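With the hints as constraints, model all of the structure from the sequences given.
Quick mapping for you: the protein sequence lines, in order, are chains X and B.
Just so we're aligned, residue 1 is where the first sequence starts under this note's numbering, counting upward by one.
Just so we're aligned, residue 240 is where the second sequence starts under this note's numbering, counting upward by one.
Hints in this document: simulated from the structure, not taken from any laboratory.
As the structure is a computational prediction, the values presented were derived from the model and not from experiment.
Beta carbons are placed, not taken as given, at the ideal position from N, Cα and C, and that holds for glycine.
Each hint should be verified, as a subset may be incorrect.
Stated by the list, open to error - Below are the SDA-like pairs computed for lysine to any residue, each with C-alpha atoms no more than 20 Å apart in a straight line:
hint: 1; chain 1: X; residue 1: K28; chain 2: B; residue 2: G452
hint: 2; chain 1: X; residue 1: K28; chain 2: B; residue 2: D480
hint: 3; chain 1: X; residue 1: K28; chain 2: B; residue 2: H483
Said to hold, decoys possible - Coverage of chain B stretches by chain X, computed from C-beta distances (three or more under 8 Å per stretch; other residues unrestricted):
hint: 4; segment: 338 to 351
hint: 5; segment: 421 to 431
hint: 6; segment: 467 to 476
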Amino acid sequence: MNAMLPVLRVSGLNKSFVMHAQGDLALKVLNDVALSVAPGECLALVGPSGSGKSTLLRSLYGNYRPQSGSIRIRHRDSHGEGWVELVGAEPRVTLEVRRRTMGFVSQFLRVIPRVAALDVVAEPALRLGASLEEARRRAEFLLGALGIPERLWPLPPATFSGGEQQRVNIARSLITNYPVLLLDEPTASLDADNRNHVVELIRHRRDAGAAIVGIFHDTVVRDALATRLHNVVLPGAQA
Amino acid sequence: MADGPILAARSITKRFGSRVACRAVSFDLWPGEVLGVVGESGSGKTTLLNCLAGRLLPDEGSVGYETASMGTVDVHGLSEARRRLLARTEWGFVNQDAREGLRMAVSAGGNIGERLMAIGARHYGNIRQTAADWLGRGEIDLDRLDDRPTTYSGGMRQRLQIARNLVSEPRLVFMDEPTGGLDVSVQARILDLLRSLVDRMHLSAVLVTHDLGVARLLTHRLMVMQGGSVVEHGLTDQVLDDPHHAYTQMLVASILPV
Numbered sequence: 001m002n003a004m005l006p007v008l009r010v011s012g013l014n015k016s017f018v019m020h021a022q023g024d025l026a027l028k029v030l031n032d033v034a035l036s037v038a039p040g041e042c043l044a045l046v047g048p049s050g051s052g053k054s055t056l057l058r059s060l061y062g063n064y065r066p067q068s069g070s071i072r073i074r075h076r077d078s079h080g081e082g083w084v085e086l087v088g089a090e091p092r093v094t095l096e097v098r099r100r101t102m103g104f105v106s107q108f109l110r111v112i113p114r115v116a117a118l119d120v121v122a123e124p125a126l127r128l129g130a131s132l133e134e135a136r137r138r139a140e141f142l143l144g145a146l147g148i149p150e151r152l153w154p155l156p157p158a159t160f161s162g163g164e165q166q167r168v169n170i171a172r173s174l175i176t177n178y179p180v181l182l183l184d185e186p187t188a189s190l191d192a193d194n195r196n197h198v199v200e201l202i203r204h205r206r207d208a209g210a211a212i213v214g215i216f217h218d219t220v221v222r223d224a225l226a227t228r229l230h231n232v233v234l235p236g237a238q239a
Numbered sequence: 240m241a242d243g244p245i246l247a248a249r250s251i252t253k254r255f256g257s258r259v260a261c262r263a264v265s266f267d268l269w270p271g272e273v274l275g276v277v278g279e280s281g282s283g284k285t286t287l288l289n290c291l292a293g294r295l296l297p298d299e300g301s302v303g304y305e306t307a308s309m310g311t312v313d314v315h316g317l318s319e320a321r322r323r324l325l326a327r328t329e330w331g332f333v334n335q336d337a338r339e340g341l342r343m344a345v346s347a348g349g350n351i352g353e354r355l356m357a358i359g360a361r362h363y364g365n366i367r368q369t370a371a372d373w374l375g376r377g378e379i380d381l382d383r384l385d386d387r388p389t390t391y392s393g394g395m396r397q398r399l400q401i402a403r404n405l406v407s408e409p410r411l412v413f414m415d416e417p418t419g420g421l422d423v424s425v426q427a428r429i430l431d432l433l434r435s436l437v438d439r440m441h442l443s444a445v446l447v448t449h450d451l452g453v454a455r456l457l458t459h460r461l462m463v464m465q466g467g468s469v470v471e472h473g474l475t476d477q478v479l480d481d482p483h484h485a486y487t488q489m490l491v492a493s494i495l496p497v
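Structure below.
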């Protein structure tokens, strides 16, 4: 795969949290982080709890705001393809990159009151211009592949179990073919069967050319998906 | 993506006597964006909204609006008549108190139909049919079409107000605490209605709320106001998940977990 050029390039990334209620206590979490990911690669972030893996992943998604450094991503829209800088980007630029290029699977589904699971999953496809029929068809396929019983599809996921909500979340993130996927413990609350379904779907995406960055505490999942490891170390901690 | 912002606020300042309600607020709103303005009571959010919508004249600053067909206008430089025309045809304004945004002596159907007539609809049957459709979208029973909103519950009135504002397919909607003072179950219905309409109609909107949950659900971007000034702004999830300003951190930390 060494012929593939990276689609995500990170350099000199710094992120601190300043907590004003604790006397402006500053906690430095990312110090001069650099990485790059090419299509077909899955980079697993490894390091002990609290070392900043989630902070890094959330910074890549533009959810956390780094103080300095660069996160550049290949982004294609109607004007063509090019690099977009996400550090300090205008909100509408970040949103556009999230809409077309970069998906994020978090551990928890942020449920939307009164919206059926099927429509929660279909929404990102609709936003990219799929017809309602097509979006629902793909949503049904994914929910089925992830083992969500059909009787649950028309229900809002608020009352679903943790594992069911997580799979709805995964289906929502996989309904469009994002070139870059960020995964934060995608199998955290799943049993072995369901875990294997999820691993299969993600591996399929990877082999089809998605560039993936993920956190996988489960070593079985990590071994199945990761093509490279990236050590994350809290600044000041021993490497 | 369009060429320019639909609304451009430049250094809006509004004083009431010696008190500054709103200080040097500037931002651009882009087509299809929903901007949330959050902060506690008295932070100047509603004053800002009223300045943006031309309901209050700011002491300093200007508001530019990109019209559908007549280029950019200075909202406060327009004549009262032209501004009212704009408000009826291209804008919507959803008040916290639905009684202020509805005509209470007119039937529900009439409240919706009036907006349609303002944009040129004349065929009675079509107007009535559209009004009935919108009542349905607001989950209001069709047999209430000819009732006056005085006979409606608070939640129904609010959904009717939203229908009245959106039936004419405005380009820009101002919302002042649209779910304020309502039961949570009623709130969820209204949020659901607003969310689907904003998405489907590609609306641009400025939404004032003190409820960060509402802001999370409905807005793309947030401005946090404290004492009349904007202390922080950014993508909604950035501001809520990684708040930088002491005041925002305090607001976020004050949300009750469910």
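Q. Checking against the hints above, which ones are violated?
A. Violated hints (numbers, rising): 1, 4; every other hint is consistent with the structure.
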